[in-house]
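Trainee: As they're listed, the protein sequences go chains A and L. The opening residue of the first sequence carries number 2 in the numbering used here; numbering runs sequentially from there. The opening residue of the second sequence carries number 2 in the numbering used here; numbering runs sequentially from there.
It is worth saying that the hints were derived from the structure and are not from the lab. All C-beta atoms, glycine included, are put in the ideal place defined by N, C-alpha and C. Do not take every clue at face value.
[To be verified] Quick list of simulated restraints, FRET-style, between CB atoms:
| id | chain 1 | residue 1 | chain 2 | residue 2 | range |
| --- | --- | --- | --- | --- | --- |
| 1 | L | D20 | A | L299 | 20 to 26 Å |
| 2 | A | D55 | L | E103 | 50 to 56 Å |
| 3 | L | I59 | A | D26 | 33 to 39 Å |
| 4 | L | G47 | A | A291 | 40 to 46 Å |
| 5 | A | P148 | L | E21 | 36 to 42 Å |
| 6 | A | A30 | L | D114 | 47 to 53 Å |
| 7 | L | C17 | A | A132 | 21 to 27 Å |
| 8 | A | T188 | L | R18 | 35 to 41 Å |
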Amino acid sequence: MKIVGLESLVFGVDDVNGASRFLVDYGLAPVAVSDRGGRFEAIDGTAVVIAQQDDPALPPAPVPGCRLRKTVMGVADEATLGAIAAELRRDREVRRLPDGAIESIDDSGFVIGFQLTARRPFVLPGELSNAPGGVVFRPINSLGVPPPGSVIRPRSLSHVVYFVPDVMKAEAFYVNRLGFRCTDRFTGTGPFLQPGGSLDHHTHFLIGAPPHMHGVEHFTFHFGGPSEMITNGYRFVEKGYQAFWGPGRHILGSNWFWYFNSPFGCHIEMDADMDQHDASWQPREATASADNSQAFLLKMRSKWYPGPGIPENGDYA
Amino acid sequence: MATTREVGPPGWARLCRSDEIGEAQSRGFDPDHEGQDSLFIVRWQGDLHGWRNACPHIDGAPMAWRRDAYLNAEGTRIVCHAHGAEFMPDTGLCVQGPCRGERLSRIALAVVDGELFVKS
């Protein structure tokens, strides 16, 4: 099935204005936003949608307290949409929505939607490295660091991570019913899953968790490269947002990461430069530990050299 | 330059004026200059309560989503914005989420002449 990836995530929140400000500061573009909610888009049109948590139009949460109300996936064509509807109707309700999209529920209780993808094609260079001996370089006199005041925007909705009470059942649903493929796996934790129409290492990661953890661990958008991602993360921190983990680089998937707390009752990540794989890729399996999930972590030293406003011997504490 | 530890009763560090934290408001502090707030204060039904900025569901997980943002929109619950755990502001008891039944770690507070101090 040609599911191309995530199209949007829908959240019910208790503070629409605070959540709106958070998403704009993250870098997303507000579209038709009011005090009752709205849509916040990446460059390609993939988005986070928020609404007041008591909005009757919101689908139900999988468990009380979970603020994610719906995960919408994009598909390449009508044939895929029809195939998904036919497959899911074998054992569950599938609703056809007025805009032609369909809506159902997965085996973990998350409401899922499928629509023809509305991702907007765009051409924007990714981060290039002036590696000696390389073939592709930044243009001469082009700077590697995003200049102060430059606008950094997430490019595309990347992935979502669920806490699920029965990870084997959850994996079977996405693999056997929707055509996802496991690209890598953390032993005893769960699989990274890639849909049939994407080359990204994963659009979904499932973590087996006790029932009281059932919900969402994080979601994230792709940025244009590590320099964009880290610069945007530092700007985010300077605005008062609270970091949880990072910046660093994962091992499985290779994506650069920086995680933050969010008003969505889960973490939000900024990511960049995820591995891509095709059907020839052989899934790896690793024990889930911090040392297996981070290749390295970075920390910025704000000042280290002697100078105005800095201790005589620099600041090397 | 005097630090907050060098002001006030011995063994206590000054945080702020107590009336700077209004009803149903929260504020984080970093008295040990760790670079991230290690504790936060909430005012709930008139009383101030101090808690470690460490959700019990993951050892030491910071809880706010933005500086000083430890409460829900109504100001009725402390929320861990990592995975959504909700706590009572006065008892620190988790009433919803991944650490239901567990408690936040309380920080001893003192108010002297309108100044708020934390036991260091």
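Trainee: If you check the beta carbons of A:P148 and L:E21, does the distance land in 36 to 42 Å?
Mentor: This hint holds: roughly 38 Å between Cβ atoms.
Trainee: Given the hint of 50 to 56 Å, check if A:D55 and L:E103 actually sit that far apart at their C-beta atoms.
Mentor: Hint violated: Cβ distance 28 Å, outside 50 to 56 Å.
Trainee: Kindly confirm whether 35 to 41 Å is satisfied by the beta carbon distance between A:T188 and L:R18.
Mentor: 53 Å, violated
Trainee: Between the beta carbons of L:I59 and A:D26, is the distance compatible with 33 to 39 Å?
Mentor: About 24 Å separates the Cβ atoms of L:I59 and A:D26, which means 33 to 39 Å is violated.
Trainee: L:G47 and A:A291, beta-carbon distance inside 40 to 46 Å?
Mentor: Roughly 42 Å apart at Cβ, these two residues keep to the hinted range, so it holds.
Trainee: Determine whether the Cβ-Cβ distance between L:C17 and A:A132 falls within the hinted range of 21 to 27 Å.
Mentor: 50 Å, violated
Trainee: Is the distance from the Cβ of L:D20 to the Cβ of A:L299 consistent with 20 to 26 Å?
Mentor: 40 Å, violated
Trainee: Check the following: the C-beta atoms of A:A30 and L:D114 are separated by a distance inside 47 to 53 Å.
Mentor: 50 Å, holds
The structure fails hints 1, 2, 3, 7 and 8 (numbered hints given earlier, in ascending order).
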